[in-house]
Structures are given as C-alpha cells and as structure tokens.
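Chains as they are written, first to last, in the numbering used here: chain A, 1 to 424; chain B, 1 to 424.
Hints listed in this document are in silico derivations from the structure and should not be mistaken for laboratory results. Do not rely on the hints blindly, as some may be mistaken.
One copy or any two copies: either way a pair holds, since identical chains are not told apart in the list.
Stated by the list, open to error - Only pairs whose alpha carbons sit at most 30 Å apart, straight line, appear in this in silico DSSO-like list of lysine-lysine: (1) Lys246 / Lys216; (2) Lys216 / Lys100; (3) Lys216 / Lys239; (4) Lys145 / Lys239; (5) Lys367 / Lys216; (6) Lys239 / Lys367; (7) Lys100 / Lys145; (8) Lys100 / Lys367; (9) Lys100 / Lys239; (10) Lys246 / Lys145; (11) Lys367 / Lys246.
2 protein chains.
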Amino acid sequence: MQLSVIPIGDELLIGQVTDTNSGMIARMIAPWGWQVRQVLTVGDAPAEITRAIAEAFEVSDIVITTGGLGPTKDDLTKQVLCDIFGGTLVEDPSVTENIKALLSRRGIELNRLTAAQALVPTSCRVIQNLVGTAPIMWFERPDGKVLVAMPGVPFETETMLRDAVLPQLLERFHSDTAIAHAVVMVEGFTESALAETLEEWESALPPHLHLAYLPKPGLIRLRVDGTHTDPDFINSEVKRAAAEIKAIVGTHAVADTDIDAPAILLDRARRHGLLIATAESCTGGNIAHSLTLIPGASDVVAGGVVSYSNEVKTRLLGVPAETIAAHGAVSEEVVRLMAEGALRATGATIAVATSGIAGPGGGTPDKPVGTVWMAASLLTPDGPRTVARLGHFTGSRSRIIDTATTHALLLGIRLVDDTLGCEC
Amino acid sequence: MQLSVIPIGDELLIGQVTDTNSGMIARMIAPWGWQVRQVLTVGDAPAEITRAIAEAFEVSDIVITTGGLGPTKDDLTKQVLCDIFGGTLVEDPSVTENIKALLSRRGIELNRLTAAQALVPTSCRVIQNLVGTAPIMWFERPDGKVLVAMPGVPFETETMLRDAVLPQLLERFHSDTAIAHAVVMVEGFTESALAETLEEWESALPPHLHLAYLPKPGLIRLRVDGTHTDPDFINSEVKRAAAEIKAIVGTHAVADTDIDAPAILLDRARRHGLLIATAESCTGGNIAHSLTLIPGASDVVAGGVVSYSNEVKTRLLGVPAETIAAHGAVSEEVVRLMAEGALRATGATIAVATSGIAGPGGGTPDKPVGTVWMAASLLTPDGPRTVARLGHFTGSRSRIIDTATTHALLLGIRLVDDTLGCEC
C-alpha cells in the first residue's frame, strides 16, 4: 500500500517549521510493508490544498493530511474538505466534550476559538484526538479511497496515528506481500568507497533483494529490503544478505540494528555494566543531549561537563592550566585529560571528550575550522585506558558539531569493543 | 516569484532523513519576497521524478530539485533530466577537475563512482559545486522556465544556493513588489488565547498587512507581513503594526527579532556583560547544546554540568545529598541549588537549571512524567538572586526536553530583564 502525505501550513513553506510528520508516518507504516509514495507540502491556501489532494488521490488509495487545523486557521482546511467530500460544518458535541475534558486537565478554560475546533464536516467520521484539541477526520470516497485529516503537532500526529488511525487503516486495507528488512551500520567508509567495495556482491543480488545506502555523518546505514510471497523465505534471505555484508566489511560493521551512535554506546554500556560521562568543548552538550534523548538513558549515563571556557576545563575536569597554555585547548593532551577528568569528576567508567573549532570563527592556519580532537577513556583495573584521534570535519557549525558527536561516540564504542570484546 | 522545490530520495520517503533543504531555501529567498509555493518530495524513481517536475512547472517558473545525485544513484536523476530537457550524458572535464581538486584537499583519491559524477546532460549549464562532488545543473525550457538540480547534502545545498544559484536566479528573474516583515516573540500565551487577545486589532488590519502565528513550545512568533509597491511605506507600516502588538501584549513580548530563546539569552548576556552556565538534569545537555549551536556563543557561555545522576549533582554542583534525600531530585530546593552551584562551579554570572521527569518511564502519582522544576540564578552585588518555577509539560520525551529547555531559558531571560532592565 502506498500512501500520499500532505503536510499543510504556511509555516512549513516559509521554513519556520520543518515537517517531521511525513518521516514519522513512513517509519510507522514500514513494518506492514506500506510506503509513503510522495509528500506534497502546501500552504494554508484552499486552491493549493484542493489541488494537492486531487493529485494525491491520482496515485494513492490513502491520503493523510497533517496540520492546517490549529485554532487560528481551522475553518479554511475544513471548508476545503467540505467542498471536496460534501456536507456542511456542524458542531460535534462529542468533540466539544473531548476538548473540554482535555483543557480542564491542563487547567485551561474553553475559549471561543478552541470551541470552534468542534465544528466538523458532516461528510466525515470523527476519531477523537485524545492528546489535542483538533479532531481527526476520516473521509471515504465512493471509490473506496480514504483521506484522514490529522493535526500537525508532531506529538499529536504520532500518538493518534499509532493508537487509532493506523490500526483502522490496517483493518480497512491489507496487503499480501511479505516484507523483510535487515540493517548493517558501517563506519570508516565514504559512501562511494563502500559502494565500490560492495559492488560485485550487490550486482549478484537476486531480484527479491535490494540494497539501500543511507549515509549520515560518520556512519553509513546499509539496509537490505526483501519482498516475496513467502514470509519465512524472505526473512532468511535478508538475514543471509546482512551476514554477507558483515563478512565483507569486517570490523567496520558496528551494529546490526538501525540505531545511531548514541544508542550503540548506550547498548555497549548496558552490556558491560558501564556508566557514561561526557566532557565537551566544541560539541557544547550535544553528545550528552544525544545520549539522554534516548528513553532509559538515566540507567547508564552519569552526566557530564560542558567545558566551553578553559576555566571550566581546569575547575571541573582538573585539566592543568599549564597544559592548556602549553598545547592549546584544541590538542591531544587536553582532550585526553578532559576524558580522564570526566571519569574522576562524575564517577563514571567510560567517558568521551571533544575539543575543537566548530566555526565559523576561531580558526587559525594551524587549526582551521573543523579541527576537532576527540578522546575516549575507559576505566580498567589497571587505571584509565585512553585513546584519542584528530578529525578534520567540513560544513556548517551545526554539521561539524554533529559529525564530531558521532565520531567521538564511535571512538568510545570502538574502545569498549577492543577492550571488552563485542558480539555485534 | 514562487518556486517549487522537489526533494528527491528514497531516504526521505522512508523517514530515515528529514528534508531540511526546502525550509532553508524558503528562508534564504524570503528577503527578496520570493516564496516556496509547494514542496513535492519523491523517491528515487524516474516516473515519480518526471511527474513531480511536470506538476511543479505547471505552477512555478523556477523549480529546484535537491538530492538524487549521490555517487550511488546518480545516473537515474540525470537520465530523467536528459529525457525531459533533451541531450545526452557526457563527461564535463571542468567537473572532473573540480572533483579531483576537492578530493585531493580531503586526501581522498578519485574512484570510478565519484568520477561518474562528472557526467552531465549536454542540455544543461553546469555550476561548479565548490563544496561537494555532485555538480549543479541549470536547465532552461523554451518558455523561459528554469530548473536547477542541486545536491541534497544540506551544507552543500545551502552554500551553493547562497553563493551561486540564488544570485544567478535573482539576476534572471526579478520582482517589483516591495515586501516587509516584522516579528514579535511572545511568551506566556496559548495560541488561541493570543488570537483572542489580538482578534479585534487583527480584524482591523489594512489589506496590505497580514498577521501570521508561528507557535513553538513555550513561545509564539507573530510575524507581520506587508506587500506594497512603495518600499518606504510598507516598511513603516509593518513597524507600526509590530509596535501596536507590543503595546497590546505588554511584557509578554520578549523579543522583536525572529530568534529563539537561546539566542535571546545570548543577546541579554552580551548586552549586560554576563557569562552563562547551565545545570541540567532532565534536559540532559540540550540547553547547553541550544546555546552553543549559535556562532559566537563562546564569548558568553562558560559551560555547564549535565548532572544526570544524583552523585554528579552533589560532586560537581555541591547540592547536599541530604537535600536530595529530603526533597527528591525533582524539587524546587534541588533545582535552586543546582543553578547556584553552576554559578560557583563555573565562575559564570547567570545560570539556568532543570530537574524533571522527561519520561516515558520514571513518573510517580506525585510527580508524573512532564513534571519539571526550572531555576535561574543571577549573580548580583548582594549575592545570587534565584527564581524557580514548576512546569507540567506534555508530549514525547523529546518534546518535554525541548519545552523545558525553552521555559528554563525564558526564566533566565525574565530574571535578567526584571533585575537589570530590558530595552527590547
């Protein structure tokens, strides 16, 4: 089944808000072999919304719209839906009740604009939004094609898709093709070098298997997709293909699930009973943030220090001011001491550290923007075992921070695997 | 001028990568009064790309495609462009030279797949990509409409749009309408309550002015857009409208430029010569990250502590273990001591702190998921002045972290404004 998604909102087109709903929808429907065929993002303009819906129905049996339903621009999208599917806007008392109950839990009174959200086209079936005030509207065309109008707030879209809309869509539509996926996360290759390495193997793949490259800074995800009528056959086929990839790339394979470097380090910490700390200069808290964004991180993350100023490096991480003066803050000596200092300061057993120049200012001929020293330190019975490496990263400040974050975490993962072993 | 943007790539449709290029393009063209009319995201499928380009040209004179040009899937998009605009794929020696120069700076050798990137349709004019290996291709239709095929790596797209593609598009197309914008950032309102407050004023707006609501967690951006033939007139009109909004919402207006809470706090710190520190439990480094993501942050950010474990709260921030035992880590007492401890530990003069339950686990009946204590502490001649507030936030872990980040920063901004004055 191939869906079309129509994110609606001027805020998307002017670049104030990034649409993350369409990606979330794609990830949530993937396990059923469903795919997003196209994403048509339009503004809060009736003619554009009407045209996008018509185009979407040309190629898809299911269309999901997100957004265009906030209290200040509600009428517009709903009137468009009335014009397309017929009916008129009338108040649905069950929606009014739902909004009142929701607002009272938040200690807010119902005002007139929010009350207007209970107006819905008579041509739709309402699915109550249990986490927001905008009702979800399910429309059916005479030919059986379905449009579901969902709110645009990502948390509401995700919750209601998972809990209500997707189960109802799966019941209404269903597929016979069995789908299977396997993932291998590879580090230490450029995309084109990896493609050359795998080219011969890839060209011999049978037609029921397909290989996709999904590069991220510092990591490449290889995904094997299989489709077949026999679920057991295709499951074993994608597993076999993933095992062959791992045999070819060897130790460059760092994980066989579709997770990012922060999740891999959390996994290694849980497996070996380690406690994680961070000591961040140029990454400014992003390593800690990327780790703690993952539910359950508190079991294995002690905390960390953002040592932006040299004073903080000395005060909290114990890096001697003389060492900083002698080698500079962006140096192997300092970043090693930062990682070891983070272990001491927090009581953790594995630490990663960064010190570099994220730019756009601050570069020198010796240490241009993008120069980042990274270290990882693992507490062993013989004391801390510390490794460091130098990266030269390119791109914007944000990209350099993201790339340094991934590489520092990979350095920690590699140190754990080399010291304590890895069954991945 | 209204552009259509076509992001190309299976990775976008399966939700592995989020398209940020279309928003970046919208923001970059806005100062010239140009807009993105629609975004058509399609996979690496010739028929879909062909259809999207045809649809885009129906409503736009300028079409920008992003992506579909990596070394592993290059031929496909280029062949589609050949089919549409004519010509054949031939090697462009200037592109080969550019790729070789770029790779040699990175210390990488040219391999066969990268070399294939120098094949371009004879029907296009090449714009050299100075920051990546995929060439930019400019196509013109007989009717004067233009398609520019750009790489998909956000840093490359942004750099080359700014430095080469946009200047050339502006020269080729131009507009006579004068455009002006003004922004007021408002805190402490829900979107619908603010809309009610402004409703009478908004309904009296002249036709050349338009008000847009752009809510973010904890902040609402109000943007006044004006269009007119007289640039001076429309500039003064949007300024007048913004001043009227500020008069209506009073102290709820926290900034008059389109910046987020982190940038507002950096601005306040610069204005008053303050040095910023963070002490984060549930936000896990996100406050520090959001501050240090902004270029030049190092001037006013000392650093911070991610005190995920109670041990780190005690060791690095000096929060007595007895206080944590008596009140719990998520308490007003602890979060106040965290903020004050951050000042002492780092030598900063303004600190923000959080301690809460980001979920999905860890909630209790007393302190459910979303309970977050926030504090801000400002060093004054009489010692630290500390304020705290309790938030009950809803949504996913990531949303709770983001909302707590914004609210903690706003608490710091408000403390600075209340104590030291504000001319915003």
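Here's how the hints hold up against the structure:
1. Lys246 / Lys216: within (19 Å within a copy, 43 Å between copies)
2. Lys216 / Lys100: between (44 Å within a copy, 23 Å between copies)
3. Lys216 / Lys239: So Lys216 and Lys239 pass the 30 Å test inside one copy only (23 Å; across, 43 Å).
4. Lys145 / Lys239: neither (36 Å within a copy, 48 Å between copies)
5. Lys367 / Lys216: Within. Shortest intra-copy distance 25 Å satisfies the 30 Å Cα cut-off; inter-copy 38 Å does not.
6. Lys239 / Lys367: For Lys239 and Lys367, neither the intra-copy (45 Å) nor the inter-copy (44 Å) Cα distance is at most 30 Å.
7. Lys100 / Lys145: neither (32 Å within a copy, 51 Å between copies)
8. Lys100 / Lys367: Between copies only: 24 Å across, 59 Å inside.
9. Lys100 / Lys239: neither (50 Å within a copy, 38 Å between copies)
10. Lys246 / Lys145: neither (43 Å within a copy, 48 Å between copies)
11. Lys367 / Lys246: So Lys367 and Lys246 fail the 30 Å test inside a copy (36 Å) and across (46 Å) alike.
Comparing the model with each earlier hint shows violations of hints 4, 6, 7, 9, 10 and 11; every other hint is respected.
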